[in-house]
Amino acid sequence: MTKQEQVKAIFIEEAGEIIEKLDIDIIRFEENCSDFSLLNEIFRGVHTLKGNANAFNFTRLGEFVHHFEDVLDYYRSTQENIEEHNLELFVGSVDVIKEVMICELDVVDTLPQSYHVCLEKIKNLISIKKNIPACEVEQKESVSELNDLALEFGLGCVEQQQNFINRSIKDAQEMQSEGFDLYKIDLTLDTDCYKRGFDYLLFLNMLVQKAILLESFFNMQGIVEIANFKSDENYIGKVFIVVLTSISTSEVEEIFEFLFDDEYEINLIEPQAIEVKKEEFTKEVVKPSVKVAKAAPQTTMLNVMSSKSTIRIDTLKLDELFDSVGELVIAQNFIAQNEKISSIEDESINRAIETLSKITKKIQDRVMSLRMVAIKDTFDKMRRVVRDTSKKTGKEVHLIVEGEDTEIDKTMIDSLSDPLIHIIRNAIDHGLEFDADERLKAGKSTDGAVTLKAFHKSGSIVISVSDDGRGINKEKVLAKAIERGVISGDENLTDSQIFALIIQPGFSTTENVSDLSGRGVGLDVVKTSIEKLRGKVEIDSKEGEGTTLSMILPLTLAIIDGMLVRTAGEIYIIPTLSIVESFRPEKEIVNVFKEKGEFVSLRGQYIPIMRLSEVFNLNTKRIEPWEGILVCVETEGGRIAILVDELVSRQQVVIKTLGKALSILKEISGGAILGNGDIALILNVEELRPLVKVSHV
Amino acid sequence: MEFDGDVLTIDMSMSMEEVTEFEKFIRPRIDYIKTIEVEEDSALKSSAFIALLVSLKRTKPELKIPFLEKELLTSKKYGSIHWICHD
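Residue numbers (our numbering), protein chains in the order written: chain B, 1 to 697; chain R, 1 to 87.
Some hints could be false.
[Said to hold, decoys possible] EDC-like, lysine to aspartate or glutamate: derived pairs with alpha carbons at most 20 Å apart:
id	chain 1	residue 1	chain 2	residue 2
1	R	LYS77	B	ASP414
2	B	LYS381	B	ASP414
3	R	LYS24	B	ASP232
None of these hints come from the bench; they were simulated from the model.
Treat the numbers as computed from the prediction; the structure is a model and nothing was measured.
Sequences are here, hints too, so could you generate the full structure?
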């Protein structure tokens, strides 16, 4: 990848983050349109996007965000109430930005129709607000800007010139936070500066290294016509620089130390001390070359700030690091459990091994935490889903969010959005009552509520979506399942098993198929996606009160909490998330049905027994079920009892993929290296079920 | 540098020496040029480049230089540079 491509990749990533944040912020602003600090934040995002888009020649995106920025700027500076239809326009504009960004990246010539429609509306809005004809918006804007600049640079109006710079300073101040100082630097290089080896650009380039904002204003007033022009002489009389940077005043001064004293002036700007209103501008706010006390930092952190205070690391590198730490843990376990080493009676060696163990654990925990991110952003995105679905269905819905700081593996976060969107749409479209009247009749408030919750439970992460709607009608579900042939009707299903039927492929009890849900595929997608993450879906519902759909996920995809079991001398790992219970059965509760295999009768339910040694064709002496241990696991098709010789231990293991050769073994989902260096296979319990069907049905 | 009829296309990344060469080249030809297009694929190297374009525009106001009309150049190397080129 060339340097330019690398920069472009960074831009694309940053732009993606800005757009993602815009999407969330615009919905938050729609909910509270008097929050002008939020509007400021949206404006800054659009402003940054504009600069970046133009820098990479994404002109169509640049043009759109330029006008959108103008509208936002109008409202943030006037603090005028925003009409509802204009709020809708703002939300639509963010949608357009998302679409145009894709067009720019894919170099698609044709823009979506919404681009032109939305841009036209924005221009009209500007023309109404600024009282200029729509067709002249662009022209007038540039002319007025030109005139402003003319006044500042050309006509020498000192007050207006300072005000123009002040606008930039004000923007910078809004971005300022702890650890960053804002400077206004006036550069007045001599005509012979090029010959001395200086150029304004040289200083800009040095300043930009540690800056999070750098704007400069070149005064071109002194440039002469070509007849008198000499390229090697400097005619740019003055350059004003506004820079927000992490470097100190003395470090800034160092940058200019080779210039003459009268060629530069560095001013440290006091945080949040400047008013930009033209008539209120005062010179006192800028204190030349005087170190001023830092004001309390602003609490609002911006994208641009966080991008500079953190380091971007390719997730592949993180994965490699994680793998290496996994190897380290294995090596450390090997040392700790090695009989030869432990037989050495030397206190210093034992102490060193103990220290190694502690440090290894600490490293493992820290590396693990690098992969963990709060689920907040994903939850924030759902506000938009709730808003759009609410508008489409005409149902008033409140979204309640709980546990948004719960951390989850980054890899999983990316895969959670789609399932959550499906579930939320489904909850609003089908879970909630048809209209307000139906809710009132049921003794509920007219507005429905959808609760999005994340929390830890027994070493897993649970993400649930609850609605306070109609709840699931079990009889209706059963009837539909029988009609569709999903079940025969003879089964004695528990409530949770009945509810689980609604996430079977092609299952839908709704009579109406909408564009939101009801096609019978949505919840199936949820199930498949969650299972890919080695999680499971549980549904709980009470008719008339509502439904909760919970996604239970492992803490991370890299480590699994497993039960180590032994059979025929081999160790296998059963994910504890699937285990319901384990027990040694009494002889009386084990039944053998001719040609149908063995079953254990547990609390009135017959659970098929599956011999692990037989699944893997292990050569061993056949034991009776009551001589071994049955590990009862929950699978999609129901519970099964896995017969093993003994339970070894429960521990967290680092998952290793097995490679192509072993991937054909569907009963195995991966492998893990144990402390003693042995390899154990991790069972895929869902794939064990078909074998039972073969032997039991 | 490329001529296409009366449109001259130049690269923004001219060094000081190249700007001087360009100045010598364009000085006698300014009457025949209607538009100067600036390719922004690579980074600006000298502020004299912008100064020269402003000088050309000042000499021949009807000359179209879309790059100058933007009055803004944003780059990772120099941040945002604003300028104004009219009298």
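These are the hints, each one checked on the structure:
1. For the hint linking LYS77 (chain R) to ASP414 (chain B), the alpha-carbon distance of about 33 Å lies beyond 20 Å, and the restraint is violated.
2. For the given pair, LYS381 (chain B) sits about 12 Å from ASP414 (chain B) by alpha-carbon distance, which is consistent with the 20 Å threshold.
3. Distance restraint check for LYS24 (chain R) and ASP232 (chain B): the Cα-Cα separation of roughly 12 Å lies within the 20 Å cut-off, and the hinted pair is therefore satisfied.
Of the numbered hints given earlier, the model fails hint 1 alone.
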